[in-house]
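K.L.:
Chain residues, written in single-letter form:
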Amino acid sequence: MSRDSSESDAAAGVTRSDSDAPLLEVDDVVKRFGGLTAIDHASFGVEAESITGLIGPNGAGKSTLFNCVTGMLTPDSGAVRLAGEDVQDLPPNRIAQRGLGRTFQTPKIFRGMSVRENLAFAARGQTGERPISALVRPGTVGSEEADIRERVDDTLAFLSLDHLAEEYASGLSGGQRKLLELGRVLMLDPEIILLDEPMAGVNPSLADDLLDRLHELNDRGRTILLIEHDMDLVMNHCDRVVVLHNGQTLASGPPSIVQEDERVVEAYLGGFENA
Amino acid sequence: MGVFTPTALLSLPGWGSFLLTVLTIAGIYSLLTLGLNIHYGYTGLINFGHVAFFAAGAYTAALLTVPPPAQVSGAEYVFGLNLPMPLGLPISLVAAAVVGGLLATLIGATSVRLGSHYLAVATFALAGIFGSVLENEAWLTNGSFGLNSVPKPGRAAMSADTWAVAYFVFVVVVLVVVAFVLSRLTGSPFGRLLKGVRESEDAAQMLGKNTIRVKLTSFAIGGAVAGLAGGLYAHYVGSVVVQQFVPAVTFTVWAALLLGGVASNTGAVFGAFLLVGFRESTRFLTNIYDSLLASLPTVAADALRLAVEPLPDHASFVPSLRFVVIGLLIVLVIRYRPEGVFGDPNEIDAIGEED
Ligand SMILES: Nc1ncnc2c1ncn2[C@@H]1O[C@H](COP(=O)(O)OP(=O)(O)OP(=O)(O)O)[C@@H](O)[C@H]1O
Ligand SMILES: [Mg+2]
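Protein chains in written order, with this note's numbering: chain A, 10 to 284; chain B, -15 to 339.
Note that these hints are calculated values from the structure, not bench results. Positions of the beta carbon are idealized from the N, C-alpha and C atoms, including for glycine. Heads up, a few of these hints could be off.
Stated by the list, open to error - To give an idea of the interface, some chain B residues facing chain A are shown, with a C-beta separation under 8 Å as derived from the structure:
#1 Ser172
#2 Pro173
#3 Gly180
#4 Arg321
#5 Asp333
#6 Ile335
Isolated chain B, as found in the complex:
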């Protein structure tokens, strides 16, 4: 074991920029998880369509900033506002948040009267419909080719590595501001209102609270945060394609929330970093394995080879194993620590239950 030195890792191609990528994506997923935490952790709304708000934000940011179709060969879309960078960035991100919030309000309005388990099905289905719309309305979204010239703000002025650091810092700043605002909200009478609705809708109504409005407001806030995450994502990756917005995103965010701790903003961020870190770093398990073999003494390398011998030698084996591990992790957490790492067991006592 002692032979396994950081040098082996550092020799991986692009180690530093890879780490930065993971951290940036984790920051963006932290926002997604904070948004879902408002829905589920604080209000008890089982939202299985979170990816739709993320996508809505990403597409909004893209449409506001991509060049008009005339400047792009083979473009099917008819609309690109070409807001200049970096000045257009705040506008683009605010619009992404607003559209994410509006879509969440719309989806909420159609399904918020349903009981919690039906709400789960309805949000999942509506997000699926939204995904098909994105794919099929090519005049707006360029269909399955996507919008591939989303500007990276400030990229022209600096080297790729510098930009990666700068954008990471920017994401962290946005994350800190959002987490601060959300903590203020959840610690205020508004947060108390959300929690009461989570605990017993009947009782909240009997105490004069308009629970439908409370749930819609919760939907809007969480959706806006997810939309903002979408905007950040679009300007980071530089392209927006329907394949990026699959249900797996929603489930990754759920896993992050459950692991980190429901109804804890710290837990949401921790869970997102943990999960994205795990998901991304294990992408290169095979590379690590190869470099291990190379750097270990012959005896140890042979032993290792022997140990993995019974495993199937298939290219997709390791990648799919990662999801098995995530699944196992969730099962273990729910079995032995249902409140997650930072959650409070007392708070999740009644969550997701009907009155």
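Bound conformation, chain A alone:
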């Protein structure tokens, strides 16, 4: 946003009222764990090509909401729409195939595989993933593998992980694991990317780097929804902010407006304005 303000202003205001439904829509979603209502009639939308921040105190239900959106959990009621279509009853792999990628709060990397294999795994439409084809169509598989290798190299360079390509992922640091997971999502090349605290545990200079990368992606037309506790970051880098509190959406809108919202200040931000 900071880079191209005319475009992001459009995303935040004018275009939004003109355009159709948001790219991702959470509509009155409820998710209970036994007696605990983790998501309590949450509703919000994520505009195409925006960077949207999802904030809220610990235990607000942010990660649970990600799980409901990505199909890892099925909401008890309500709907999740991706590009206007209901996806709340689809399994995660089908939702991913429709163009949604995510990372986890604690990265779920393939520890026993090399960094390169981790990324190559994520490429879509691989002929060699079918065992018969893997055996009888070495030509096709070989040329696809060459393409994948090239994309993997590009992605590793983009994330400054190229020097680790042949290392086992189990040897990576916490911050590098976050980057690796992001790299896998990039290989999937989804329309919308959900990131669960991508900066947590990442050292400040690396985090700045990562932030630049996210803006680059956004400039290339990718929509980003990210969970983040760092208020400065959210307020400075997100086009829109959604505030979750006790499983409910307390407010959503441009950061400047959300920041002023009395209920938000009371429930969550506290002394943020002094920051």
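Following the hints, complete the assembly by docking chain B with the ligands onto the known chain A.
P.N.:
For chain B with the ligands alone, kept in the frame of chain A given last:
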């Protein structure tokens, strides 16, 4: 020690053909271990029912090739296709692999959604049920008497020893072909897919992969290889009886895989030869002991006698000691070299863990 010469061993009855038997069985167990390696080593599926796929293959091969019951006195079974040998052999083996694969897919379909440790229990139980079915459905399997006229392909045309050599060569050829195909598979994007599912099912799903289908495919491939091993076994031994297909087979294969090295096809074959070699050769520990006593100088023989004096003098002592040794070996490997002989420690980092 120097007095212990190969002559002592060679004087054992049937030394050469015994060695050949061990090697042939080891070749067949190598296939079983390669199959389990696809399940556990590459996909992380804890399959404790492997013997069922082995049995399914053996019975399939038997039913396709035994003479019809009318030609066998006292037969309870109703079905024997009597495919002519040796031309029927490829059909019999392919069918054994197909049935092993189908049974694995079926067992997988009922339990593959379970977490890894529940999967272990479920596969063990389902294999037990399959074993009871084999024992009780005598119309098909001839019950606990088994099917005892499974043809040995080509046996009529040659002497017993020649046939033993020929069949061993055949088993080795099949083993080499299967190992080659599996190595191609595990080195391909399909192998990468299996490993990703092994490492994190959640992540694999979030990257658009249908992990249920991947696991079923893995089950099918490993089960087919085990079924093929069953077919080879049936035509080698010449009879198929439920007592051959006990859980101990599954655990022997597991021990071979863990010793040889998880997620290594070389390791799987090495482990199978090591374990079967040990299991079979120590069968005759008492014979070796006796011939040792006979060939050693009197002083040494007396010393040896004195050394084993405190051990119980019971016929089943030595045979059961073998399993204690195998158990100890596994404990040592898991403690000091968890990746096995040929495994890669990095690869087994997350194996068998839940997300
Ligand atoms: N699988 C589960 N079973 C039972 N309760 C759960 C489960 N997952 C989450 N919860 C509960 O739901 C609530 C919301 O958890 P969630 O992880 O979504 O919070 P969060 O907003 O991501 O918090 P944080 O900022 O600490 O990551 C918490 O009270 C948590 O204990
Ligand atoms: Mg969370």
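K.L.:
Quick check: which numbered hints come out false for this structure?
P.N.:
4
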